[in-house]
Structure formats: structure tokens, C-alpha cells
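Engineer: In the order they appear, the protein sequences are chains A and B.
My numbering numbers the first residue of the first sequence as 1 and each following residue consecutively.
My numbering numbers the first residue of the second sequence as 1001 and each following residue consecutively.
Treat the hints with caution; some may be incorrect.
[Stated by the list, open to error] One side of the interface only, derived from the structure: several residues of chain A facing chain B at Cβ under 8 Å:
#1 3
#2 73
#3 77
#4 78
#5 81
#6 89
#7 102
It is worth saying that the hints were derived from the structure and are not from the lab.
The C-beta atom is built at its ideal place from N, Cα and C for all residues, glycine as well.
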Amino acid sequence: MAFLDIQHLEKSFGPTRVVKDFNLNIEKGEFVSFLGPSGCGKTTVLRMVAGFETPTSGAIRIDGRGVTGLPANRRNIGMVFQGYALFPNLTVEENIGFGLKVAGEGKAAIARRVSEMLELIGLSDLGGRYPFQLSGGQQQRVALARALAPRPQVLLLDEPLSALDAKVRISLREEIRRIQRDLGITAVFVTHDQEEALSISDRIVVMHQGVADQVGTPFEIYNRPATRFVAQFVGTLNLLDADVMDAAAGKVRLGGVPVVLNRTLSGRSGERISLAMRPETVALGRGEGDDVVLSGRIAEVHFLGSVIRIRVAVDGGLLALDTFNQPDRPPPSVGASVEISLPHRDLLVLAA
Amino acid sequence: MTERRLWSWLAVVLGGLYFLLPLVGMFDFSLRMQRDGYGFEAYRVVLADPQFQQTFGYSVALALVTIVLGILIVVPTAYFVRLRFPSLRPIVEFLTLLPLVIPPIVIVFGYIRIYNTSSVLPLTGSWWGTNLLILFGYATLSLPYMYRSVDTGLRTIDVGSLTEAAQSLGAGWARILAVVVLPNVFVSVLSGAFLTFAIVIGEYVFAALLNVGSFGPYMVWMGGNRAYEPSALAVVAFAITWACMGLIQLVTRFSKFSTVRR
């Protein structure tokens, strides 16, 4: 049985169903991210696991113990909030020791654990400060230490990096992952930032309108999106219309060129479907092993530093492609006629 | 000095004189008890009066108990209204303002009617009962000040997140209120408490009609029967009120964790 087991979880606020039949198994020590736009129900699921919301139906088990009806303070869960939620009247040390004091641990044990936690987050010399004397990143580190100090079974992080600036966000997310790995703690991380989710998770749950659209490793989610929403939400995607020529053989006409996909199609001949491809799978010119070749005209060129994003107008729409910057090869100019290519196996047929 | 500045100063000076002159006059009068010049004789007489000591001591004790009761009623109420029933806030606010609208004499007559010796709950019949009644009455009178200041204090902290953070760390309601909420609204509670103190110390109507020997009726009695001592008493009462306000300022300034947030 999974360590954190969520079965048929539902939540309605009045007539609005916010979470619909949500099922998830998380193994011990796993780092799982809930990814989705705001209002998709990811935070609600997290809050139900934490005990701050009561599910309309369904069950939550932690290490085999049913916790669905337990109040938040008896679940042994650590929580990190977006707005830090440090107690303003307590010092860093007192904040970190709060949970241990509630648990009735002795003074010496608390002091030992607090200094251990301060060392873990690299703030050993700031134990006597008050939260308002710390930067945002430092405050969130303290919040993490406070959540971890009582040795919770599960660590829940509710968009913990959203309030921080870009640089701190990246360094702190790496630190969170390192600490999670070191302690081997099971963690659930809620975010709307796909890069964040892709970079630190063992698995990602992509949520959309209260439903878990896809659960998988970052590699699976990015390369084999199960639904149109997942494909569009995670990463950048090109969508081109194609006409089905032979559904059974998986043959379609794309930009006037017949293409054989490596799967059969459900549509009938002549029906229009959407094909998707990632910008990095498309090459300018004829790439090695690329069997789908389209011609078009350069519409836009965006120089992003290490990467150049080019948009090419082809028959069927605009198509974005990424090439690496090469100092000896300037990017093509707008209006130029070009050929672009990609292997047919990188064309995704999206379910509605 | 520009002309505009001059007018500003003039307004300040006039306003200051308007408030200060009666006080100066009263203070001056209180010092003239002895015929041969200024002296603190009136203060000595007042402070040495056993009745002053008894009534003042009683009122101070009553004020302190009222403050404790007020905190016990208002802090959890304001907290749960903010946390769980935000839609009830206007209603609770209106209810807490009622003691300002309904004159104390109406409240106390209501009390006497309901709790008189021939009623089901004859609180006015015993010393304890009367004290309990006046305590509840004063707690009611202090509601507008206590509730507003605590509610304002709660507005400055993220009550929801702090509560959830404490809950996730295993804390129950009592601990959340005592360790997380109360210390963070302490300055507001204190300002409500000092206002309560000032109200209870000088309150007359409740005390007189419930026949309680507190400081308010003593001041009135003194005013009707003596010449210099009432002025001395008024100066003492002012000094106490100002000391309370000074203490609020002091605590606000030296509250070590609240300086930046507020």
C-alpha cells in the first residue's frame, strides 16, 4: 500500500465541484508536485490532506492510517505556506521549536533539534532574530525548518516560492529538494510554475478543472502528454491542423505533405485533426533523420540568448522552433523562405 | 516664519489654551487649600482619607477583573469572527457598539428589574451577586473600545495562515489563542484595556444605582461636600488617565517584534 493514499477525493463548495474523483498513491520518500493553473483544485487537495478542508467524500490514508476525519493538529503533517506564516512574536529559534514544544519535548531536546534544523537551512547565526528582520528567502527557509522540526510524516508545500524573486526561487527550490532527499521525507509540492515542477519532482500531477489529467514523471508529462490541456500547459507547443487521409494506417496530410504517423487514428478520412510538436523537435533545414519536411516563410525571430526562437508561417498555421545560438551563424531574417523538418515520431496526436 | 506657519501656530496655541486653561485653573485651585500660599494640603487630605483608599482600591480591583473578563470575551470572539464567520463582522461590530447608544442608566435599570431580590436570579440581594452584576455591566460598557482595538490588531496579522501553521504543528485552540493570537494583538489589547480602566475608575451610574462603594460615587460625594479636595481628586484622576495613555505609547514603542510590521 502506498504511503500517502488518496482515494476518490471530492470537494464541493456549494454547487461548485472543485475536486472531482481525485486518486493518487504516493510512495514513501517521493517528491510529488501538483501542477495546474489557479482554480484547478490543486491547493484544495493539499488542504484536504493537511486537514484544513473537509472532503465532501473520499478517503485519505497516511502510512495505512485513515486521517480523513482527523483534525489538522493530529495528523503529523508539516506545512509550508506561500506567505511564510511565521509567528511574528517569536524568534527564529522559537518558531522552529514551536511544534516540538507543543509535542511536549524537553528543553534540551528542543534546543538540540532547533540547532540541527538551523544548520540544515544554513541560518545557524540568525536564531535570535525575529521574522521581520529576515529576507523573504530566509523566512521561507525558517518556515521549512519549522515544518520539518517535529519530524512530520508528510511535508506539504503550498506554492512556497511564489512570493520570492526569480534568483532566490531557483536556489531555494534546489535547497528544498536537497533537504527532502537528505531526510527522505515524503513531500507534496503545489505550484503553477511548470519549470519548478519539472525540475524538482519525482512525479507530477497535472490538474485541470478539479481532475488529475495526468500523473507521471516530468519526462513522461513533457514528452507524452495525455491530454490537450497537459500538452498546452506544460512547455510550449505547436498546434497544426492536418487532414486524415487513411485513419487505419495513421496517414494524414500536413501542410500539403502526406505524413504517416506511428499510430492509427480514430477519425474518419477527410476529418481535420490537430497535431502537436515541441519547438525543440523542429529543425531549420533538413535535419538528420527528419522525415517530415515542410516549407514556409520566417515570420518572427526572437533572440533569447542561448536559444533563438523562430516562428515560421507554414500551410496550416504558425510554427515555433528553437535553435541554439551559434556565434558564427546569425539568425535568419524575417521573410526568408525556409524548409523545416522533424521526425514523424515527434508528432503528437492530442486527445480532446 | 511665513504667514501660513504663523496661522498654524496660532491655531495650535489657541487649541492648547482651550484644553489647558481649565486644567491649570483646577490645579491652581487645588493648591490653595492653605491660606498662606501654595501647598499640597488638599492632596494630602484626599490621599490620607480612608474612604479614598478603600473606594479607589475597590475600583482598581474591579477594573482589573473587568479587563481580564473583557479579554476572555473579546479576543476569542473577534478571532473566530475573523477566522470563521467574516460575514458576521458587521453584526458583531454593531452589537459591540450598542453600549455607546443605550445609556448606562437604561442598562442598569434593566439589570435591577431582571435581577432584583424577588426575581428568579436575585443577584442584587447579595454582595457577590451585586459585584458580579457590576462586573458584567462594566465588561459590556468596555465592549466598544475593547472589540474595536482587538479587531484592528487582528487586521494587521494574517489570522488564517498563522492559525493553520500552528494547527499543522499540533497546536489546539487554547494554545493558538494564548501563544499565537494574543501576543500578536497584545498592544491593541492593552490599549483597549487602558480605556476600560479609565472608564471603570470614573464610572458613576452603575455604581450609584447598584449601591456599590466605588471611586465614581466617592468623587461625586466629595464634589458636593468639599471645596479644594474635589479639584485635587480630579487632578489625580487626570494623572491616572494620562499615565495609562503614556503606558500605551511606551508599550507600543518598545514592543520588540512589532516595530516594523505596524
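Engineer: Against each hint, give a clear statement of whether it holds in the structure.
Structural biologist: Hints versus structure:
1. 3: Since chain B brings no Cβ nearer than about 18 Å to residue 3/A, farther than 8 Å, the hint is violated.
2. 73: 5 Å, holds
3. 77: 6 Å, holds
4. 78: 7 Å, holds
5. 81: 5 Å, holds
6. 89: Where the cut-off is 8 Å and the nearest Cβ of chain B is about 4 Å from residue 89/A, the hint holds.
7. 102: Constraint on residue 102/A satisfied, holds at 4 Å.
Hint check: a violation occurs at hint 1 only; the rest are consistent with the structure.
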